[in-house]
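Protein chains in written order, with my numbering: chain A, 843 to 1060; chain B, 843 to 1060.
Heads up, some of the hints might be wrong.
Treat identical chains as interchangeable: a pair holds within one or across any two.
Once the Cα atoms are required to be at most 25 Å apart in a straight line, the calculated SDA-like pairs of lysine to any residue come out as [claimed, not checked]: (1) Lys1010 with Thr1032; (2) Lys1046 with Arg943; (3) Lys973 with Gln1034; (4) Lys973 with Leu1036; (5) Lys1010 with Val984; (6) Lys1043 with Pro907; (7) Lys922 with Gly990; (8) Lys922 with Ala987; (9) Lys1010 with Cys964; (10) Lys880 with Tyr1041; (11) Lys922 with His985; (12) Lys922 with Glu992; (13) Lys1043 with Gln856; (14) Lys952 with Gln1045; (15) Lys880 with Asp1004; (16) Lys922 with Glu997; (17) Lys851 with Leu961; (18) Lys1046 with His844; (19) Lys880 with Leu961; (20) Lys973 with Glu997; (21) Lys880 with Pro1044; (22) Lys880 with Ser949.
Because the hints were derived from the structure by calculation, they are not lab data.
Protein chains: 2
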Amino acid sequence: MHINQQQIKQYESQYRARLINSLSGFKSANLVGTINDKGVTNLSIISSVFHIGASPALVGLIIRPHSVPRHTFENILQTKRYTINHVSADFWQQAHQTSARYAQEQSEFKAVGLNEEYLAGCSAPFVRQSKLKYALELREVVHLAINGTELVIGEVTDIMVDQQAVRKDGYIDIESLETITLSGLDSYHTSQRLARLAYAKPQKPLSNLSLDGEEDEI
Amino acid sequence: MHINQQQIKQYESQYRARLINSLSGFKSANLVGTINDKGVTNLSIISSVFHIGASPALVGLIIRPHSVPRHTFENILQTKRYTINHVSADFWQQAHQTSARYAQEQSEFKAVGLNEEYLAGCSAPFVRQSKLKYALELREVVHLAINGTELVIGEVTDIMVDQQAVRKDGYIDIESLETITLSGLDSYHTSQRLARLAYAKPQKPLSNLSLDGEEDEI
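Here chain A stands alone, though its shape is the one from the complex:
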């Protein structure tokens, strides 16, 4: 089936949104925790968190124009601090519910039944139920004039994670933490590992890695 640009433009807007949101592949499922200067907390599910660099440790996320997570954006600009919390299998439905349009003075934590947790030095709330979460300091906001979205770049300052998930070589086994993945706008999935693969070289046959990153003998 071939869909051309003319057809893409003519689709009804919700149909097009679902179709185009399916194209990038599986997405990360994260809850972004913030607080405003009046002390009201906010929690918002975001599927656009992505890796930018390891040194410094930078993570990006996209804020869409005029969408619900705009409170999140305002809070990040006010306080320069936010948390990112992996959505896991035991609260994925509550995580989805944070996308409802709650009033600014209502905290999504309370509305959906998730608990706040705090770390000294970070004003933004973590999600207690999340098994992998980290605090960030705002580094840069890049306005993408092409469609009015904002790219928010933060530096990771503190990581909270179940120790047994951190493997010998630094890899975090997020499947063991039951981290969820998203497709399209609204489909939630668990994962099943095929393998870790060793660093690829041109003349070398591929080999698997153990979970701890040791290369299997051939």
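Use these hints to put chain B onto chain A, whose structure you have.
Same frame as chain A, but now just chain B:
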């Protein structure tokens, strides 16, 4: 387990790279197809493809400084055209092998055993084996000075997809296409759907959607 910023900075660089690359959650697994002005094709696995907007249909990807996919970046700048091809369960190992440092004059298609496919009006090659793929026209390159990476933004011009995967409301069932997801730098996973969830509203209990997007009756 709490890891602070000081510890993050002191980790050995490969350890830190694996750790920080695990933080964003599950990533998309895509092959980016390009061609240079001498007619040499290039294929590169990229885990940073993400959705930017549906109207216009914009997709972003991050190119790291001094990394293998730099040929990809040069080709995109030269021709303004590229393809994004979902990695699926029947060629995920070949897809990983494209990350080896092949010489510029060697095509990864041939090196790893994947086939080129072309569409009229697009110079860049598709991966024949991929079940969901699309052509893009370069719209913008945003240089992220904070760590020297490049954000490449393209507009989708043509989508090639197995018709039965496109559901009634526009959602593409990428799980039925066996699209793979990635965690960290090198771990590959298949997925298992929990459910599609209906649009969330503050006072409404959550409900599931059918694969075609119809709300289940309560």
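Evaluation of the provided hints:
1. Lys1010 with Thr1032: both (24 Å within a copy, 24 Å between copies)
2. Lys1046 with Arg943: between (53 Å within a copy, 11 Å between copies)
3. Lys973 with Gln1034: Close inside one copy (18 Å) and across copies (20 Å); limit 25 Å.
4. Lys973 with Leu1036: both (22 Å within a copy, 19 Å between copies)
5. Lys1010 with Val984: neither (36 Å within a copy, 36 Å between copies)
6. Lys1043 with Pro907: Classified as between; 19 Å across copies, 43 Å inside a copy.
7. Lys922 with Gly990: both (21 Å within a copy, 22 Å between copies)
8. Lys922 with Ala987: both (22 Å within a copy, 19 Å between copies)
9. Lys1010 with Cys964: Classified as neither: same-chain Cα gap 28 Å, cross-chain 45 Å, threshold 25 Å.
10. Lys880 with Tyr1041: Intra 49 Å, inter 29 Å, cutoff 25 Å: neither.
11. Lys922 with His985: Answer is both: 16 Å inside a copy and 22 Å across each meet the 25 Å cutoff.
12. Lys922 with Glu992: both (15 Å within a copy, 24 Å between copies)
13. Lys1043 with Gln856: Between copies only: 17 Å across chains, 44 Å inside a chain, cut-off 25 Å.
14. Lys952 with Gln1045: Cα proximity of Lys952 and Gln1045: across copies only (13 Å, versus 56 Å in one copy).
15. Lys880 with Asp1004: neither (32 Å within a copy, 51 Å between copies)
16. Lys922 with Glu997: Answer is within: at 11 Å inside a copy they meet the 25 Å cutoff, but 32 Å across does not.
17. Lys851 with Leu961: Classified as between; 19 Å across copies, 47 Å inside a copy.
18. Lys1046 with His844: neither (37 Å within a copy, 38 Å between copies)
19. Lys880 with Leu961: Cα proximity of Lys880 and Leu961: one copy only (19 Å, versus 55 Å across).
20. Lys973 with Glu997: Only inside one copy: Lys973 and Glu997 sit 20 Å apart there, 36 Å across copies, limit 25 Å.
21. Lys880 with Pro1044: between (57 Å within a copy, 22 Å between copies)
22. Lys880 with Ser949: within (12 Å within a copy, 57 Å between copies)
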